[in-house]
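J.: Between the sequences and the hints, there should be enough to build the whole structure, so can you do that?
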Amino acid sequence: MTPDQRYLFDTTGYLHLEGILQGSALQKAQQAVQRYVDIPATAAWW
Amino acid sequence: MMTPDQRYFFDLTGYLHLEGVLQGEELQKAQEAAQRYIDTPPDQVPDGFEINLEREHFNWYLHAFAFDKALEALTMHPVTWPIIKELLDEQPRLLGGNMMVDFHGKPFHPLHAGHEKSLTAEVPGWRRYQVHNGRISCNDLVFFFYLTDVHPGDGGLIILPGSHKANFPRPQNLFYPGSYVDGTYNSEFNSAEIPEGVTNFNPKSGDVVAISELVVHGALTYQAKDRDRRFLTLRYCSQHITPSNPLPEGVRAKLSPETLELIEVAAIGKTKSIVEQDVVTLS
Numbered sequence: 001m002t003p004d005q006r007y008l009f010d011t012t013g014y015l016h017l018e019g020i021l022q023g024s025a026l027q028k029a030q031q032a033v034q035r036y037v038d039i040p041a042t043a044a045w046w
Numbered sequence: 047m048m049t050p051d052q053r054y055f056f057d058l059t060g061y062l063h064l065e066g067v068l069q070g071e072e073l074q075k076a077q078e079a080a081q082r083y084i085d086t087p088p089d090q091v092p093d094g095f096e097i098n099l100e101r102e103h104f105n106w107y108l109h110a111f112a113f114d115k116a117l118e119a120l121t122m123h124p125v126t127w128p129i130i131k132e133l134l135d136e137q138p139r140l141l142g143g144n145m146m147v148d149f150h151g152k153p154f155h156p157l158h159a160g161h162e163k164s165l166t167a168e169v170p171g172w173r174r175y176q177v178h179n180g181r182i183s184c185n186d187l188v189f190f191f192y193l194t195d196v197h198p199g200d201g202g203l204i205i206l207p208g209s210h211k212a213n214f215p216r217p218q219n220l221f222y223p224g225s226y227v228d229g230t231y232n233s234e235f236n237s238a239e240i241p242e243g244v245t246n247f248n249p250k251s252g253d254v255v256a257i258s259e260l261v262v263h264g265a266l267t268y269q270a271k272d273r274d275r276r277f278l279t280l281r282y283c284s285q286h287i288t289p290s291n292p293l294p295e296g297v298r299a300k301l302s303p304e305t306l307e308l309i310e311v312a313a314i315g316k317t318k319s320i321v322e323q324d325v326v327t328l329s
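Going line by line, the protein sequences match chains A and B. So for the first sequence, our numbering puts the first residue at 1; every next one is plus one. So for the second sequence, our numbering puts the first residue at 47; every next one is plus one.
I should point out that these hints are in silico values taken from the structure, not numbers from a laboratory. Any given hint could be a false lead.
EDC-like cross-link-like pairs, simulated, lysine to aspartate or glutamate; straight-line CA separation at most 20 Å [as the list claims (entries may be wrong)]:
#, chain 1, residue 1, chain 2, residue 2
1, B, K163, A, E18
2, B, K163, A, D10
3, B, K211, A, E18
4, B, K211, A, D4
T.: See the structure below:
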């Protein structure tokens with residue numbers, strides 16, 4: 001961790017990390033989530 | 047005693063915002079007393095008092111709490127007194143009380159806190175914040191009694207909630223890059239921004255903001271052009287902690303016996319008679 005991250009997490013208990021996913025990595029994650037959302041509930045794997 | 051809400055919130059954040067502590071005639075008398083001090087020419091202040099118009103971040107009216115009984119009465123105000131007593135383990139001592147006046151053109155006051163140097167020093171220093179058996183012990187407290195309103199966007203007091211319990215040194219330029227240069231305040235820096243993690247206050251006249259001196263605090267560049275931001279700061283510590291700057295005799299001479307007892311250094315474990323009173327009336 002950076003000194004900034006260490007101080008912030010110790011003080012607040014959280015970190016806001018901006019722009020971790022970008023470009024195709026973000027797009028692929030969004031598409032995967034959407035595919036899951038689009039599955040009809042009756043057809044869920046469980 | 048503090049309320050459970052106050053106790054939880056102070057432990058979590060390091061501050062309390064108490065609304066409407068002063069109202070009506072009580073507020074008016076405090077405001078009038080403050081105005082009389084402000085209107086006093088610096089070379090005509092009573093013996094022991096001092097007006098410092100050269101402070102970088104605000105005009106400073108030293109020992110304002112003793113300037114008038116309306117201000118002296120705030121040192122043990124019925125709303126703040128139970129909080130002072132509880133946080134200081136029933137062993138309070140008033141270190142002093144000055145009035146600050148902030149106005150358009152005064153620069154940003156960079157973030158700082160009372161115990162930051164001790165986080166990197168070999169010796170931990172004297173300031174403490176700890177909780178034991180459900181009781182908070184905080185031996186350095188500041189109460190800000192607001193005598194004018196602070197509107198959204200005005201600037202003024204900022205803090206980092208929770209930082210009174212920080213275990214790591216704060217990177218100096220973490221929230222306000224450029225506010226420090228080579229480890230010291232950058233007097234050219236200005237900002238009215240409130241980044242994520244920073245809390246800014248908009249108290250009304252008569253409100254009180256109480257903070258642990260250990261919580262990181264500072265002040266945004268003051269924006270309003272038509273009014274100033276004026277407040278009395280009352281600072282309390284544990285009664286066995288001795289003063290670095292004893293109050294001048296001229297200031298002490300104006301104080302009531304109850305306030306003299308409050309500023310008195312006393313042994314650990316001794317119970318001051320004022321502490322046994324829920325409401326202290328100045329004689």
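J.: So, for every hint listed, does it hold in this structure?
T.: Structure-based check of all given hints:
1. K163(B) <-> E18(A): 30 Å, violated
2. K163(B) <-> D10(A): 17 Å, holds
3. K211(B) <-> E18(A): 26 Å, violated
4. K211(B) <-> D4(A): 16 Å, holds
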